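Student: Protein chains in written order, with the numbering used here: chain V, 1 to 292; chain Y, 1 to 322; chain B, 1 to 434.
No lab work stands behind these hints: they were computed from the structure.
Be aware that a few hints might be false.
Cβ-to-Cβ under 7 angstroms is the rule here; a few derived chain Y residues that face chain B [claimed, not checked]:
no., residue
1, 150
2, 172
3, 175
4, 193
5, 195
6, 211
Everything numeric in this text was worked out from a predicted model, so none of it was measured.
Built from N, CA and C at the ideal position, the CB exists for glycine as well.
Residues per chain, in single letters:
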Amino acid sequence: MKKLLKYFALFLLLSNIPGNNLLAQEEMIEPAILLEYKNVMNYGKEVTAKIYFRDDEGFHFLPDLAIQFYSIGEEEERLLGEVLTDADGIAQFVISNDYKLPKDPDGFFTIRAVFEGNNLYAYYEDEFSFKDIVLEMDLNEIDSVRTISLLAYERDSLDNKIAVEEADVYIQVPRMFTNLTVSEEYLEAGELEYEFTVKISGDSSGKIGLIAFIPEHELYGNVEIRSHANWGVPFHAHLRETFGRQLWTPVAPLWMIITLIILLAGVWGHYIYSIIQLSLIGKAGKKMLNNK
Amino acid sequence: MKKKKNKHESRRDFLKLGLTVSAGAAAGAVLLSKTSTGSTKSGQKVKLLSEDGQIVEVDKYDIKPDLQPAGRKESRLGIPGRKFVMVIDLARCKNARKCIDDCQEGHHISKDQEWIRVYLLQDSAESAPYWFPRPCYHCDNPLCVSVCPVGATYKRSDGIVLVDTHRCIGCKFCMTGCPYSARVFHWYEPESAEADKDIPYSPETNIPAREGTVGKCVFCADKVKNGKLPRCVSGCPMGVIYFGDINEDTVTNGTETVVFSQLISDRSGYRYHENLGTRPSVYYLPAVDRSFPVERGYESLDEELKERYKNTPFVKKLENES
Amino acid sequence: MKADNPTALLKRFAPDLEKTSKLGVAWIIFCVLLVLLGIFALITQITRGHIVTGMRDNVVWGIYIVNFIFFMGISYAGALISGTLHLFRSDWRKPIIRMAEFLTIFSLLIGPLYIMLCVGRLDKLHYLVIFGRIQSPITWDVIAISTDIIGCFLFLYLALLRDFARLRDYPDLKVAKWRKKLYRWLAIYWKDTPEQRRRLERSTDIMAGMVIAIAIIVYSVLAWIFSVTLQPGWHSTIFGPYFVIAAVYSGTAVLIVIMWIYRKIYKLEDLITRKHFVNIGVVMLVLGAFFGYFTFSEYLTKWYGSEKNDEQLISILFDRYYWLFLFSNYAGVLVPLIVVGLPKLRTIRWITLAAVVVIVALWINRYLIVVPTLETPYLPVQDARDAWVHYRGTWVEWVLTIGGIGSLCLFFTIGSKMVPIIPLSVVEDDKKID
Numbered sequence: 001m002k003k004l005l006k007y008f009a010l011f012l013l014l015s016n017i018p019g020n021n022l023l024a025q026e027e028m029i030e031p032a033i034l035l036e037y038k039n040v041m042n043y044g045k046e047v048t049a050k051i052y053f054r055d056d057e058g059f060h061f062l063p064d065l066a067i068q069f070y071s072i073g074e075e076e077e078r079l080l081g082e083v084l085t086d087a088d089g090i091a092q093f094v095i096s097n098d099y100k101l102p103k104d105p106d107g108f109f110t111i112r113a114v115f116e117g118n119n120l121y122a123y124y125e126d127e128f129s130f131k132d133i134v135l136e137m138d139l140n141e142i143d144s145v146r147t148i149s150l151l152a153y154e155r156d157s158l159d160n161k162i163a164v165e166e167a168d169v170y171i172q173v174p175r176m177f178t179n180l181t182v183s184e185e186y187l188e189a190g191e192l193e194y195e196f197t198v199k200i201s202g203d204s205s206g207k208i209g210l211i212a213f214i215p216e217h218e219l220y221g222n223v224e225i226r227s228h229a230n231w232g233v234p235f236h237a238h239l240r241e242t243f244g245r246q247l248w249t250p251v252a253p254l255w256m257i258i259t260l261i262i263l264l265a266g267v268w269g270h271y272i273y274s275i276i277q278l279s280l281i282g283k284a285g286k287k288m289l290n291n292k
Numbered sequence: 001m002k003k004k005k006n007k008h009e010s011r012r013d014f015l016k017l018g019l020t021v022s023a024g025a026a027a028g029a030v031l032l033s034k035t036s037t038g039s040t041k042s043g044q045k046v047k048l049l050s051e052d053g054q055i056v057e058v059d060k061y062d063i064k065p066d067l068q069p070a071g072r073k074e075s076r077l078g079i080p081g082r083k084f085v086m087v088i089d090l091a092r093c094k095n096a097r098k099c100i101d102d103c104q105e106g107h108h109i110s111k112d113q114e115w116i117r118v119y120l121l122q123d124s125a126e127s128a129p130y131w132f133p134r135p136c137y138h139c140d141n142p143l144c145v146s147v148c149p150v151g152a153t154y155k156r157s158d159g160i161v162l163v164d165t166h167r168c169i170g171c172k173f174c175m176t177g178c179p180y181s182a183r184v185f186h187w188y189e190p191e192s193a194e195a196d197k198d199i200p201y202s203p204e205t206n207i208p209a210r211e212g213t214v215g216k217c218v219f220c221a222d223k224v225k226n227g228k229l230p231r232c233v234s235g236c237p238m239g240v241i242y243f244g245d246i247n248e249d250t251v252t253n254g255t256e257t258v259v260f261s262q263l264i265s266d267r268s269g270y271r272y273h274e275n276l277g278t279r280p281s282v283y284y285l286p287a288v289d290r291s292f293p294v295e296r297g298y299e300s301l302d303e304e305l306k307e308r309y310k311n312t313p314f315v316k317k318l319e320n321e322s
Numbered sequence: 001m002k003a004d005n006p007t008a009l010l011k012r013f014a015p016d017l018e019k020t021s022k023l024g025v026a027w028i029i030f031c032v033l034l035v036l037l038g039i040f041a042l043i044t045q046i047t048r049g050h051i052v053t054g055m056r057d058n059v060v061w062g063i064y065i066v067n068f069i070f071f072m073g074i075s076y077a078g079a080l081i082s083g084t085l086h087l088f089r090s091d092w093r094k095p096i097i098r099m100a101e102f103l104t105i106f107s108l109l110i111g112p113l114y115i116m117l118c119v120g121r122l123d124k125l126h127y128l129v130i131f132g133r134i135q136s137p138i139t140w141d142v143i144a145i146s147t148d149i150i151g152c153f154l155f156l157y158l159a160l161l162r163d164f165a166r167l168r169d170y171p172d173l174k175v176a177k178w179r180k181k182l183y184r185w186l187a188i189y190w191k192d193t194p195e196q197r198r199r200l201e202r203s204t205d206i207m208a209g210m211v212i213a214i215a216i217i218v219y220s221v222l223a224w225i226f227s228v229t230l231q232p233g234w235h236s237t238i239f240g241p242y243f244v245i246a247a248v249y250s251g252t253a254v255l256i257v258i259m260w261i262y263r264k265i266y267k268l269e270d271l272i273t274r275k276h277f278v279n280i281g282v283v284m285l286v287l288g289a290f291f292g293y294f295t296f297s298e299y300l301t302k303w304y305g306s307e308k309n310d311e312q313l314i315s316i317l318f319d320r321y322y323w324l325f326l327f328s329n330y331a332g333v334l335v336p337l338i339v340v341g342l343p344k345l346r347t348i349r350w351i352t353l354a355a356v357v358v359i360v361a362l363w364i365n366r367y368l369i370v371v372p373t374l375e376t377p378y379l380p381v382q383d384a385r386d387a388w389v390h391y392r393g394t395w396v397e398w399v400l401t402i403g404g405i406g407s408l409c410l411f412f413t414i415g416s417k418m419v420p421i422i423p424l425s426v427v428e429d430d431k432k433i434d
């Protein structure tokens, strides 16, 4: 009896599952947004939203979805723009540094990324709040010592400069895919003098890009300033050691072509000689036939 | 929830162009310099909102150069000034196989084919076993290219070795020429052929694939030209694979960026089978101080995948012990 | 001699040219069926893709390339035997020289078809000419084989010329009109004048030399397709001469079998005697000894040095391929050595039997060069589906192999229906001169 009951319970449970599954299928997929922020002094605030969902197979990044970026002030909610995600599920939005974002009394601005949802994916939003900062970088050669001078400060409502109290700062060189960190330094009272002594390859004139980067500051987020100088080691691609015997190039080595021509000429010369003999045989026979 | 009540219909329209909408044209210029692979001016104009709320027109490619995979002719040229190099850290690989999955998905290749494979190598009975991911080595002296009778496979100035499947006659000589078994053959009509048939062919992706031709790892030439890392690099959860431009002497696995020569010198990087003289563009870091015990890469596999390693000395020993 | 006076030999062979027996017709139909079967398999391969073969990503070449090597090999043997024997003016060669020439040209027409079967996109085959790269051994092969085919045709034609004239001048030959016309056209006014004889002799001498030289080049190029790669079993300096010797060896054996068959069918016991079998048998013995020597040094050096990858190869040859290896490289060498070496065994039957052993052994020898090497690459075969690891020829490949043999038989049958299988003019005229 007990057994029977157990089976009955099991049956109920099982018969329920397909229904549940059906319901689950009709339910929307719940995506998430990974929101990243970087304040680039040279042009503006880069806001990157990456929309995805995760299942047993891993992460799925969703292309061609509209992400709206709002600026949230104390009283207003301003739509900044709408961007479709690319093939990797990324929607990037840049806000010019001259653009005045609404701020709260403490000086924080808030950016919200919103996905409205559609018939497949559910609504999702995420936001962050940071303060504005100014990071200045000067590149000088002081007594032939290459020096990077950094200055970081906030401006209060009266436009006074208030030095940033403390922050980690990385000295970086931009590379093709990512930035190479040359040194990890520390900003004290918003100032740093860094002597650039590293040997690093640049372009043919030694030009390299230089970046000062404050990573994940609790008040300011990621902050970056870019510049460039001829401080690298000049690199000449044509001086790179090349490999002599290049059979893989489109053109064959000369000896190979010459050998082939000699061989072919020799063989075909004999062929032609034989064919000429054959035609002479034919001619001689024809002549005999005509003479008769 | 607050559902955008204040949306301007007119404003939405031009913003909905599916581009990185940036405030001010200056932003475009900077973004472009990030991916300096040469911009193709499309002449296509896009409307943008500037900082003072005015509408400006900017060339589409100034905002975000999204270089499409090149056709057959252009893909024979490399990216100027670049020379790609890969470093694989054997100490970190635990055969998670994400590189394989992402590669197969990204290049629309079937599960029968691996452009990147993970071997379980053990140099001798007493030496330590290790997982060994093997992409195409994009050799500087590629025998596969030397032996091709029709010039279907070629090496570009940036070091990438590609196959033009519209030129390939399928003689498979390159497959026997490659000492690393890096090339695969389309033995049957590719499963993706029907779905991909409208995509313009590019040797940089080998999409759409053709039956009776050879395929191989392309160092994700389509991604790289847009400044993005190859799929196996970005897909790896362990950061095993580093990629970069050897002219810049820098490689990255997406999270760490290091000086290539420094890495090779500090970790005693080497190339596989240097004695063959093929001069690969892929370096390995020996499995020293490894992050995972080697058996973890085997035990976490499902049965079908376990089968693939059943003849390796390490697995035989493992099975005997248990 | 007078042109309108048919010789005894021509009279003897005329019936074979004029009509085909019922058994002959059945034989031809059988051969055609084999060829059609091969065509069916080819269509299967083209429509369903190379997946119908046993070839996969590791063993990318299989039975097809073995057949390619095999047919090219016997072709070369024909060229070398007919060429050398002509240049040496050896008297006993005369009755068998046409068979050797036929063997050369017919197998040369079949061999290259097999490398085309390995090609994934036959629709792109003309790219070999349009986009040919001189650096690639396949381009060398394309040039060499096409040169060889033309040279062999020329040589064969030079040898056939006087027989065409005889057939033209034989009024009682009861064959279709088009054939008579064809003989007349092919005989290009051959009147057997001293001038014509001189010219013919000179060009035949030259072409005999050419055919020998080209055959060596063609077969070396074929060997280099393998030995220029870095594969442990192929990257060998002796592959060129090794392949050449193996080729002549297998070809001599095939010639012996053909001699035996024609001797039986056409009742040529008076023309092809035990002497011919013994003489060719001795050639086979010498070649067999060379072949054994090359095989031995090839595997001895690999085994002795025991480089890791060589060791792997040797170990599977003596494990999975043990019996095949034993048969091909021991029996294939020792059997002809014993049979031809011992005077008691030197009979037509035994020599032919030894030749059959050699043919099979040499085919397997090529199989053991191609397949086990591809199964033991530098990087061990791993991380691939089990079914994709080992090679086993499928019905498509075997049927196409049989189709190739069928077409060789068909070519020979048609060839000996068109012209006498014994070179009449050589056998009769030269006797007078000698």
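Student: Using the nearest Cβ pair, does residue 150 of chain Y come within less than 7 angstroms of chain B?
Tutor: holds (4 angstroms)
Student: Going by Cβ atoms only, is residue 193 of chain Y closer than 7 angstroms to chain B?
Tutor: violated (11 angstroms)
Student: Does the closest beta carbon of chain B sit nearer than 7 angstroms to the beta carbon of residue 211 of chain Y?
Tutor: holds (5 angstroms)
Student: Does residue 172 of chain Y meet its interface restraint, that is, does its C-beta lie within less than 7 angstroms of any C-beta in chain B?
Tutor: Constraint on residue 172 of chain Y satisfied, holds at 4 angstroms.
Student: Given residue 175 of chain Y as an interface hint, is the shortest Cβ-Cβ distance to chain B below 7 angstroms?
Tutor: holds (5 angstroms)
Student: Hold the hint about residue 195 of chain Y up to the distance rule: shortest CB distance to chain B must be less than 7 angstroms.
Tutor: Interface hint status for residue 195 of chain Y: violated (18 angstroms vs cutoff 7 angstroms).
When each numbered hint is compared with the structure, violations occur for hints 4 and 5.
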